[in-house]
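Asks: One-letter residues, chain by chain:
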Amino acid sequence: GAGVSQSPSNKVTEKGKDVELRCDPISGHTALYWYRQSLGQGLEFLIYFQGNSAPDKSGLPSDRFSAERTGGSVSTLTIQRTQQEDSAVYLCASSSRSDRAQFKNIQYFGAGTRLSVL
Amino acid sequence: AQKITQTQPGMFVQEKEAVTLDCTYDTSDQSYGLFWYKQPSSGEMIFLIYQGSYDEQNATEGRYSLNFQKARKSANLVISASQLGDSAMYFCAMREVYGNKLVFGAGTILRVKS
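Chains A and B supply the protein sequences, listed in that same order.
The first sequence begins at 1 in our numbering and counts up one residue at a time.
The second sequence begins at 1 in our numbering and counts up one residue at a time.
It is possible that some hints are incorrect.
To be verified - Here are some chain B residues the structure puts well away from chain A; computed CB gaps all over 10 Å:
no., residue
1, Pro9
2, Ala18
3, Lys101
4, Val103
What the hints assert, rightly or not - Covered stretches of chain A, as calculated for chain B (at least 3 residues, CB under 8 Å):
no., stretch
5, 44 to 51
6, 80 to 93
7, 104 to 117
Claimed, not checked - Here are the simulated DSS-like cross-link-like pairs (lysine-lysine), alpha carbons at most 30 Å apart as the crow flies:
no., chain 1, residue 1, chain 2, residue 2
8, B, Lys16, B, Lys70
9, A, Lys57, B, Lys3
10, A, Lys104, B, Lys73
11, B, Lys73, A, Lys57
12, B, Lys113, A, Lys104
In short, the hints are calculated from the structure, not lab data.
All values derive from a computational prediction rather than experimental measurement.
Glycine included, C-beta positions come from ideal geometry on N, C-alpha and C.
Using the sequences and the accompanying hints, generate a full structural model.
Replies: Shown next as structure tokens:
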């Protein structure tokens with residue numbers, strides 16, 4: 001079936017503007033993750049959704065970042081008042097389940113959204 | 001906190017030869033999972049292989065195998081019979097028992113020469 005889909009693939013914005021990044025997980029996957037990949041910080045976890053449970057927001061770098069997942073499927077990552085340091089590739093991943101005892105719930109990634117803040 | 005170290009920023013290998021990409025990790029937990037991902041220039045992270053901390057045998061997936069040495073806390077990826085299409089960035093990652101996230105190393109860029 002289809003993999004994880006992210007849109008847009010590239011986004012250029014001006015400092016101070018808000019941006020929305022979209023992620024369509026693999027059908028049937030209950031867990032969804034957002035990561036950020038930047039030159040200085042490598043790959044960093046941002047947020048995790050599992051079913052209807054409260055999301056794990058422990059990786060969000062500031063309150064300008066938020067995410068929601070509607071209907072247990074599509075997720076939107078919103079960055080308000082973008083700063084130049086927000087420039088990065090934002091990667092979304094999904095997995096079939098996320099049981100704490102199940103280490104091998106493989107996360108499948110999308111191709112990412114490259115965000116450039118001018 | 002868990003930490004993944006990949007000490008090789010870049011590696012070259014001749015086509016058809018084997019190459020080992022190093023990964024060491026630091027965790028206080030006894031139960032964890034180790035993953036390797038490949039990221040070609042297209043950007044997508046591709047899952048390659050998984051090793052559980054209690055797995056008695058080293059994981060293998062086609063041309064990929066994992067040299068898992070638990071006492072040394074290392075999980076090196078071995079790619080046999082390298083192909084030009086193996087040229088990419090490779091990431092080692094870990095998930096702990098109480099974690100939902102993957103923690104990634106800095107990655108190793110592999111270049112396969114013809």
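Asks: Take the hints in turn and mark each one as holding or not.
Replies: Quick rundown of the hints versus the structure:
1. Pro9: Its Cβ never comes within 10 Å of chain A, the nearest being 12 Å, so this holds.
2. Ala18: holds (25 Å)
3. Lys101: violated (4 Å)
4. Val103: Check fails; 7 Å does not lie beyond 10 Å.
5. 44 to 51: Held - the stretch 44 to 51 of chain A has 3 residues with a Cβ nearer than 8 Å to chain B, which meets the minimum of three.
6. 80 to 93: holds (count 3)
7. 104 to 117: holds (count 9)
8. Lys16(B) with Lys70(B): Given that 30 Å is the threshold and the Cα spacing comes to 29 Å, the pair holds.
9. Lys57(A) with Lys3(B): Given pair Lys57(A), Lys3(B) holds - Cα atoms ~20 Å apart, limit 30 Å.
10. Lys104(A) with Lys73(B): The hint holds at about 18 Å.
11. Lys73(B) with Lys57(A): holds (29 Å)
12. Lys113(B) with Lys104(A): violated (33 Å)
Consistency note: the structure conflicts with the earlier hints numbered 3, 4 and 12.
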